[in-house]
Amino acid sequence: DQQVKQNSPSLSVQEGRISILNCDYTNSMFDYFLWYKKYPAEGPTFLISISSIKDKNEDGRFTVFLNKSAKHLSLHIVPSQPGDSAVYFCAASEGSNFGNEKLTFGTGTRLTIIP
Amino acid sequence: DTGVSQDPRHKITKRGQNVTFRCDPISEHNRLYWYRQTLGQGPEFLTYFQNEAQLEKSRLLSDRFSAERPKGSFSTLEIQRTEQGDSAMYLCASSFTQSSYEQYFGPGTRLTVT
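In order, the protein sequences belong to chains R and E.
Taking our numbering, the leading residue of the first sequence gets 18, the next gets one more, and so forth.
Taking our numbering, the leading residue of the second sequence gets 142, the next gets one more, and so forth.
Worth flagging that the hints you see were computed from the coordinates, not collected in a lab.
Just so you know, not all the hints are guaranteed correct.
To be verified - Among the chain E residues that face chain R by a calculated CB cut under 7 Å, a handful are:
no.	residue
1	Q182
2	F186
3	E243
4	F246
5	G247
6	G249
Stated by the list, open to error - Label-pair ranges, simulated between beta-carbon atoms:
no.	chain 1	residue 1	chain 2	residue 2	range
7	R	R34	E	T217	41 to 49 Å
8	R	P132	E	G213	17 to 25 Å
9	E	K198	R	N44	14 to 22 Å
10	R	G100	E	L180	43 to 51 Å
11	R	S45	E	E169	32 to 40 Å
12	R	K71	E	E169	24 to 32 Å
13	E	Q221	R	S91	37 to 45 Å
14	R	N44	E	G181	20 to 28 Å
Given the structure is predicted, the values throughout are model-derived calculations rather than measurements.
We treat Cβ as the ideally placed atom computed from N, Cα and C, and that holds for glycine.
Based on the provided sequences and hints, a complete structural model is requested.
Structure below.
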């Protein structure tokens, strides 16, 4: 069963506008969420994360929002730039007292920024 | 900091052959993870180590797969008697237990079984 879902396989956004990527999860034990960006022929690159005790985390042009009651998170990129064109993966971790645990990934959303 | 490195980047093998991949994590990272990614999917967890101890293995990791991290530094992933279904990108990641949950990925090894 897919515990982390990204229902939009692709998204196209005009340069300068806001990109919103969505992610839903089903496992209530997830308490830490991450977004990764992946270019072709490269490994995923960490972008931004959020703990379940927060509802928002911001880093420059990137903001992640978490709605625990809806089991939903989103990544906002504003303004969108051509270099943001990539596949974006949502990931989640159950966490533990020992630190980071395995990540469960969604299937990804391919973002294309149109100049 | 040179990041996570993996070798080889590409491997083509015939069905039934054994293959071995290597991962060198970021030097101060004590945790090392292996994931597998197939076309159209996100990375799927295979196994992870804390130092030299293998702490968890996924059900995806059949008995043809074995991973080691003998001195708590680099790791190897071996697949015996490869099958066409093993064709995938094999990703390695590392992290530091006392830091946050972020894992840092290498470029991956793309395996093609013919």
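Exercise. Run the structure past the numbered hints and jot down the numbers of the failing ones, going up.
Key: 8 and 10
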